[in-house]
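Undergrad: Line by line, the protein sequences give chains A and B. Mapping of the first sequence onto UniProt numbering: residues 1 to 390, in sequence order. Mapping of the second sequence onto UniProt numbering: residues 1 to 390, in sequence order.
To be clear, the hints were calculated from the coordinates, so they are not data collected in a lab. Remember, it's a predicted structure, so these values are computed and weren't measured experimentally. Just so you know, even glycine gets a beta-carbon here, dropped at the ideal spot from N, CA and C. Accuracy of the hints is not assured; some may be wrong.
Not everything, but these chain B residues come out facing chain A in the computed CB check (under 8 angstroms) [what the hints assert, rightly or not]:
#1 Ala110
#2 Gly136
#3 Leu173
#4 Val174
#5 Phe177
2 protein chains.
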Amino acid sequence: MTASGTPVTSASDMAEPADTVRVPVALGERSYDILIGRGVLGEAGALIARRIPGCRAAIVTDSTVGRHHLETLESSLAEAGIDCSAIVVSPGEGSKNFATFEQVVDAVIAGRFERGDAIVALGGGVVGDLAGFVAGVVRRGMHFVQIPTSLLAQVDSSVGGKTGINVSHGKNLVGVFHQPDLVLADTGVLDTLSERHFRAGYAEVVKYGLINDADFFVWLEENWRDVFAGGPARTHAIATSCRSKAAIVARDERESGERALLNLGHTFGHALEAATGYGDRLVHGEAISIGMVLAHDFSVRMNLASKDDADRVRAHFAGVGLPTTLAEIPGDLPDADGLMTLISQDKKVSRGSLTFILTHGIGKAFIAKDVVPDAVRDFLAEAKAAGART
Amino acid sequence: MTASGTPVTSASDMAEPADTVRVPVALGERSYDILIGRGVLGEAGALIARRIPGCRAAIVTDSTVGRHHLETLESSLAEAGIDCSAIVVSPGEGSKNFATFEQVVDAVIAGRFERGDAIVALGGGVVGDLAGFVAGVVRRGMHFVQIPTSLLAQVDSSVGGKTGINVSHGKNLVGVFHQPDLVLADTGVLDTLSERHFRAGYAEVVKYGLINDADFFVWLEENWRDVFAGGPARTHAIATSCRSKAAIVARDERESGERALLNLGHTFGHALEAATGYGDRLVHGEAISIGMVLAHDFSVRMNLASKDDADRVRAHFAGVGLPTTLAEIPGDLPDADGLMTLISQDKKVSRGSLTFILTHGIGKAFIAKDVVPDAVRDFLAEAKAAGART
Ligand SMILES: NC(=O)c1ccc[n+]([C@@H]2O[C@H](COP(=O)([O-])OP(=O)(O)OC[C@H]3O[C@@H](n4cnc5c(N)ncnc54)[C@H](O)[C@@H]3O)[C@@H](O)[C@H]2O)c1
Ligand SMILES: NC(=O)c1ccc[n+]([C@@H]2O[C@H](COP(=O)([O-])OP(=O)(O)OC[C@H]3O[C@@H](n4cnc5c(N)ncnc54)[C@H](O)[C@@H]3O)[C@@H](O)[C@H]2O)c1
Ligand SMILES: [Zn+2]
Ligand SMILES: [Zn+2]
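Modelling step: build the complete structure from the supplied sequences, incorporating the hints.
TA: Right, dumping it as structure tokens:
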């Protein structure tokens, strides 16, 4: 693709490399496209220039991602005549805090970026959430481009407009909804991602099959090795995931209903992350791998789903090398009451009653309100005991 | 008014004291009412309970306003069965900073307020801007009630959804658009406001006449003493101002066009505030009083407006005791070049070109793009010299 002269802002006129898949996110005047394919990072400049003519760009990245991919982005922007500067934060969840947020805000303002300019997030979910929040608040909202570089970010955090940081009381409690103008998911940049983080992101891919697309789950059971290897299967898995999330977000942008389905496995998962300190002991995708298995097992226990389905879910996660039991988490865990306390502190608790995403089987997740806390507690006590016995 | 049993959320069903004026702000699904009148603070509990059934309330106030009016609000909330707690910040512009923002966010989250709960801003524009920003970002958006207690806040900052804080590079550069669910302007609480701040807020009232309502300006010329004294004239002036701002905001919520008219006198005014350190030397309303006079004088200079109109504007501001010349600002001011630098740093500068609100006469303000900086510079040099001669 070459950058053509006339700036064209309409998403539908946007040109892209031939083998790129385009997933539109339909949100009225906030609609945008996700472009997925090998090499889109090298086209970022031209694509951004078309979508946001005349903008300057403040790139936010972390030092790890920056080392691998910042130069490619900067040259592409330079080629397209986009003036840019880069703001580099430390890698890891720790950067989603108030201090870093304030630093990035200050750097953007010191760089004299205006409302018509763009914040470009080049990184995983951490960079995307942080940079998106900055884009949402500097001058009460700047343009925002997501260039997700982790699998998790490509299939989940870069789509849907949720941004934010953590506070001492909990994760993602402060932020805004701020939709990007464009999302560029280069499947090739995932080649530099650690296998552990690729696998963790893959848990979110499987989630879309489990929520409402049993066929996709079956396809993943058959093709997951090709997804890990790269190539067209990877692009297909990412595009299917984005399409699935985009459809849910389009129907419920502000999470007043259906969007909660995306939390399948996350109530358990968040409690496990909190229990392990949001660190290397258990990364998010691992936590929700266990969480999704628990959600299926609990649904079986409630006579909602068949044991066969739950076993198949566990087998697939275990097959790709993801943890599926509490026993696999290194170090000590709180007891069932301790986990319940963490669950009730999770933000998905609405006015005191427990809301869970449960399932009638693979591809049949649903929002269950008023789940009885004692049933969850007993279930967790057994899950812990099972771990202790092995 | 007594709190009736059934929660009614529709704005049009809302009951209020008989002599209360209701100004609707039409913003689609974000529409809300402004209720203006003596004593509405005492009805806050019932009114909030109707609008946001079942909510808890985190009150944000400053220590001065809190001393005078917090108890009335707390009893009213208690009567309506609304559980609340108060977060008290220091009075003054200094509280619109990152540190206080973070403290208030933390206090709200520590108080376990959820998305369905409300942040209630009880105070002037400082408290409203700060608390509104907090409401906009905690859990990605909570309910928000404005109880403006300064005249400026009642006629300007509480209406329209702009929230934010200052950073070292400039004022209001960080924030969100977050519309309130309800605005309660008790004209009686203004009795405890200092005369200086009342007068400063009055400058914004006059602004609405100058923008597009010559009749209102004439009415103010005749009735301003009654507005200062309180009573129905005060309510009328506040309601007219709110109606005027609401109409402009409804047509241009995100300030992509017409809303810029509200900046009449503000480009000059902001430069003067920056020059005097945003403090007691010159408060905002005083700065824009001078700014509006300068905008009229400059329009005369550009052959856009008649000298008669400009003189009338100056006479009215001077008559109520507001400053109208650079010479009245205590202490030293930068020279014309220094003021120009401050003007070009103001956020209304778009991509390098100067945008000013100029006027064809009283009630006939318009957005002038590409004003020639040198013309402004020369004009300011003369305005300064005129001051030096007196
Ligand atoms: N906004 C949302 O809707 C949403 C949804 C899900 C998760 N999240 C958030 O996403 C975050 C997790 O995202 P994540 O897993 O991407 O974490 P991350 O951003 O920390 O990335 C994981 C690690 O991989 C590195 N990395 C990323 N891309 C790389 C690449 N191409 N090559 C080499 N290294 C690379 C990073 O430096 C980091 O060390 C969490 O903070 C979570 O809250 C947000
Ligand atoms: N959001 C917007 O659209 C918008 C518009 C205009 C101005 N603003 C902002 O508003 C702020 C200025 O507002 P302000 O003039 O109300 O300042 P303020 O909030 O500092 O109030 C002025 C002073 O009056 C005191 N006070 C307020 N109400 C009182 C009462 N009833 N009795 C006794 N004392 C009282 C306060 O404690 C303070 O000391 C600025 O920060 C400005 O940026 C915002
Ligand atoms: Zn997740
Ligand atoms: Zn003003």
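Undergrad: Hint by hint, note whether the structure agrees.
TA: Hint by hint, here is what the structure shows:
Taken as an interface hint, alanine 110 of chain B checks out: its beta carbon lies about 6 angstroms from the nearest beta carbon of chain A, inside 8 angstroms. At about 7 angstroms, the closest approach between the beta carbon of glycine 136 of chain B and any beta carbon in chain A falls short of 8 angstroms, and the interface hint on this residue holds. For leucine 173 of chain B, the interface hint holds, the least distance from its beta-carbon to any beta-carbon of chain A being 6 angstroms, beneath 8 angstroms. The interface hint given for valine 174 of chain B holds, since its Cβ lies 5 angstroms from the closest Cβ of chain A, which is under the 8 angstroms cut-off.
Hint status for phenylalanine 177 of chain B relative to chain A: holds, with the closest Cβ pair at about 6 angstroms, below 8 angstroms.
The structure fails none of the hints (numbered hints given earlier).
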